[in-house]
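Please build the complete structure, drawing on both the sequences and the hints.
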Amino acid sequence: MHNKPALFGWPELISVLVLAAGFFVPMYTRSVLVYSILNQAFIGVIAAQSVWIMLRMNLLSFASPAFMAMGGYTVAIAGQHDITNALILVPAAFLIPALTSIPLGAMVLRLRGTYFVLVTFVLSQILQLLLFETPGLTGGSNGISGIPPVTLFDMEFGSNKMVLKFACGLAILATIITGVVTRWFRQPFAAIEENEVLAESLGLVVWRYKALGFMVSAGVAGLAGYSLVNMLLTAHPTSFESGSAVDFIAYTIIGGRATILGPLLGTGILVYATNLFGTHGQYAQGLYGVLIILVVLVARGGLTGLVQALLRTVIRRKA
Amino acid sequence: MKSTLLAAAMMALPVSAFAQNCEMKIGAMGPMSGGAAQWGLAMLSATELAAAEVNQTGGVKIDGKMCKVVVVPYDSKYTADGAAAGANALAAQDIHLIIGPVGAPEATGIKPVAARNDQIAWNASYARNALETKYPLMFHIGPGPGGWADPIIKRAMKEWKFSSVALVAPNDQGGTDTAIVDAETYRANGIKTTEEYYQRGTTNFEPIVTRILASNPDVVDTASSPPGDAGVIIKQLRLAGFKGPIGRLGGPGTAEILRVSGGLDVVQNFYWFETIPTGNPKIPEIDNLYRKLLGKDPVGGSAVWADLPAARLTLKAVQIAGTDDAQKVAAVLRTLPVEDPNIGQGRWGGKKQFGIAQELEFPFGIGIIKDGKDLGVTQQDPAAE
Amino acid sequence: MQFLQATIIGVSLGAQYALLALGFTLIFGILGVVNFAHGGFYMLGGYVAYSCVAYVGLPFPLAVLIAVLATAALGWVFELFLLERLVDDHLATLMLTLGLYLVITTGAMSAFGPLSMDFRFPVGGSLHVGTLYLPWQNLIVLGVCLAAIGALWLVLFRTDLGRGLRALADDRAVAMAQGLRPKLLFPMAFALATGLAGLTGALVTPILSLSPGVGDPVLATSFLTVILGGLGSLEGAALAAFVVGLVEAFSSVYFGGSIGALVLFVLVLLILVFRPTGLLGRTVRGA
Chain A
1 MHNKPALFGW PELISVLVLA AGFFVPMYTR SVLVYSILNQ AFIGVIAAQS
51 VWIMLRMNLL SFASPAFMAM GGYTVAIAGQ HDITNALILV PAAFLIPALT
101 SIPLGAMVLR LRGTYFVLVT FVLSQILQLL LFETPGLTGG SNGISGIPPV
151 TLFDMEFGSN KMVLKFACGL AILATIITGV VTRWFRQPFA AIEENEVLAE
201 SLGLVVWRYK ALGFMVSAGV AGLAGYSLVN MLLTAHPTSF ESGSAVDFIA
251 YTIIGGRATI LGPLLGTGIL VYATNLFGTH GQYAQGLYGV LIILVVLVAR
301 GGLTGLVQAL LRTVIRRKA
Chain B
1 MKSTLLAAAM MALPVSAFAQ NCEMKIGAMG PMSGGAAQWG LAMLSATELA
51 AAEVNQTGGV KIDGKMCKVV VVPYDSKYTA DGAAAGANAL AAQDIHLIIG
101 PVGAPEATGI KPVAARNDQI AWNASYARNA LETKYPLMFH IGPGPGGWAD
151 PIIKRAMKEW KFSSVALVAP NDQGGTDTAI VDAETYRANG IKTTEEYYQR
201 GTTNFEPIVT RILASNPDVV DTASSPPGDA GVIIKQLRLA GFKGPIGRLG
251 GPGTAEILRV SGGLDVVQNF YWFETIPTGN PKIPEIDNLY RKLLGKDPVG
301 GSAVWADLPA ARLTLKAVQI AGTDDAQKVA AVLRTLPVED PNIGQGRWGG
351 KKQFGIAQEL EFPFGIGIIK DGKDLGVTQQ DPAAE
Chain C
1 MQFLQATIIG VSLGAQYALL ALGFTLIFGI LGVVNFAHGG FYMLGGYVAY
51 SCVAYVGLPF PLAVLIAVLA TAALGWVFEL FLLERLVDDH LATLMLTLGL
101 YLVITTGAMS AFGPLSMDFR FPVGGSLHVG TLYLPWQNLI VLGVCLAAIG
151 ALWLVLFRTD LGRGLRALAD DRAVAMAQGL RPKLLFPMAF ALATGLAGLT
201 GALVTPILSL SPGVGDPVLA TSFLTVILGG LGSLEGAALA AFVVGLVEAF
251 SSVYFGGSIG ALVLFVLVLL ILVFRPTGLL GRTVRGA
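Protein chains in written order, with the working numbering: chain A, 1 to 319; chain B, 1 to 385; chain C, 1 to 287.
No wet-lab data here; the hints were simulated from the structure. Check each hint, because a few of them may be wrong.
In silico EDC-like links for lysine to aspartate or glutamate, alpha-carbon gap of 20 angstroms or less [said to hold, decoys possible]: (1) B:K292 <-> B:D325; (2) B:K243 <-> B:D371; (3) A:K161 <-> B:D94; (4) A:K161 <-> B:D63.
This structure is a prediction, so every number in the text was calculated from the model and none was measured.
In structure tokens:
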């Protein structure tokens, strides 16, 4: 009943290529500012994709900081025991949040869409509390600092350039995972997005797909956490505050929900814009608010939707 | 004919006018938005003043050229990743010297990144590891609670009789690091101490107040709780009938505390840590100096005065070293005597607490409000090492 | 005695949370909208009342009234011009209100700065009975909250307007077939809810503190309360508010600040496991 969908489409390919271009940036500039903005973007893209996966089923998740924290702290604690090999840590950063999401999902996914939003919000607050209450494991309010850099085969990703390359690699990995999963399960996800009750009545085992989506979303967020902790060489509670979920949601919505290019474009533009604000950082949130309102009211497809519409009118004119 | 006149005119111009194209940038970092914005902006004002003073005398000599000092601000938002991103952003602009950041999470975030970028930074936090031997380019605007808690407690014990204290602080790094040191110091003075931590984001402290009062302390100390929270705690303590003195070891924001709690009549008996001895008349002079040189008002209150010596000393070290290379400037800094034209004599401290003596310690202030009267801020030297 | 004190505190907290939760659940029940900006209206209520008192010199009760009217008006306008177009798309309305919240907080920060204001409740002092205490301001706020809850109940269950709102909540298609006009009633419902949030803000911020960030915890508490009580159920919201208030008071008094918060969250999660629609909730159509 299920035609095998193509595992990779144009949007996914473009995303991977754009991200891969990041590998070459250190060849053209030594500007640490460019590295810094790019690095923030690489981390943001992964987190935005985590939000996007759930949005494919019309579920808005505020739990990304919680799962990021799980991935990040896993890496930090491993670092304290001198485990720095990326081949071990990347799967760990993905699997630990993914596995944790199973019991959480069992509780939370039964709830209808709106409940889901509220409960994921509460989840990220709970995680912050847990971080404070377990100083022995997580360093409590001080976090874990001075983590040794990532190692892969013989390379040590210590310098700014290498950190950027690692972040780029993680972003590409996350994009591939996100792309493959959302393509493979495109039909069931779309059915759930369209009308969950109807889908269920037609025989779709809805909870399985929701659980899968939640797991992959959590794992991808874990990778984002790894990237963040690697950039800072510190796992600190302030990096995973529940408020940051709003940023990742903004990147995805403003970028556009239709394809995987949306989170990419949204993250790129908004991270750049936030850096422009500099000392007036508090106004950045106001800008997000205005943009979100505009997108929702006027440009339903987000920025990528606008670009698509523009291309269509240009092509139509040429025809 | 005209060309020779032009050439003669050009030769007559002073040489230094051309050399002024050279700029040395220095960074000022701290939270500049949100609840702690005052402290980051204070760091900026202090750095701007130090830069303006140096520029007035022609600037700093870097590699033989006289360069103008330019201040570049960065908002680190009181988070670890904010400070880390800031260090990178400033490094991108070839900035090796950073005055700031302010908060404990920021200090944690900046240390490894500044080390990687070969940058000097001056954190003003009360983190328990504000300085570490493995980060020799990190300096501290101090002293931290290790230096001022003891003298303040002893002074408070002279004004009021008490034998037990309840410390209240938020459960984030800024709160716990300070409260733990406060508690140790109270206990070392023979005072029975309990510590109460509240969840950051709490707005109504009545349950906590009830809990605190159940153990019947003589004094309640708000440690380094944000001024908004501290004000509410004091307000609710008084409404609950608590009549004892209230302490604040410590952190800036007394004005906001008085605003939120309801003023001197409500607070009645209060002792607090003031970063700078505001009683000394030469110190508020700093604000006038700022206005004269920059043509506007400084932002941040007494925190500006506390941050200024770090900026001034750093620029002095740059002038002596003749470069803004962090390692060389740091080497000179460590040898400079600690003295400031407005604030007076201080010293390098921190060896006992952190293992590395790179903390600037100046006399600080102890503020007392007794029986509803503001007795002012008295000068106090930091505790002997 | 501590037990009694904790109960008193819990009840005061409960009354405040109830006003907020009722507004929140009203919007959800009738419009199907999750109002992310609820905390923002609370904060605005505080600032409007503060501005009336500090800049215009009005007496406090009048300032509170103006705050209510201002937040209700803003809610009305927002619903009519922005939300109304997308009222059936739950995700879109959620995003709209989120965007509004971000704009409101940034606006307050630009206008008033990040620090707390000097905003005092006109009545000070406490009522002391033995070792128990009840600040007069808490008693007044409790009274006003209970009166507001009562008035809300009256409006919803004893007036035609209220009946119309409840009918729309129950089954919009049928209600419209019966002649009720959502275009008129929806903005009114939204305004009612935001007015309640503004009232709570105007009353409570002078007791606590007023700064641009005070809306965030309000949102979290409203979410928690409404999840517990069941989305869409007014009785559930009221009941849950008092439960949350009491649990918060007791766990903070007996276990201390951070553990107290954890206890509350875990409790809510557990209840959700056994009763996924909350204490008194029912599966709302299309939720």
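Hints breached by this structure
1 and 4
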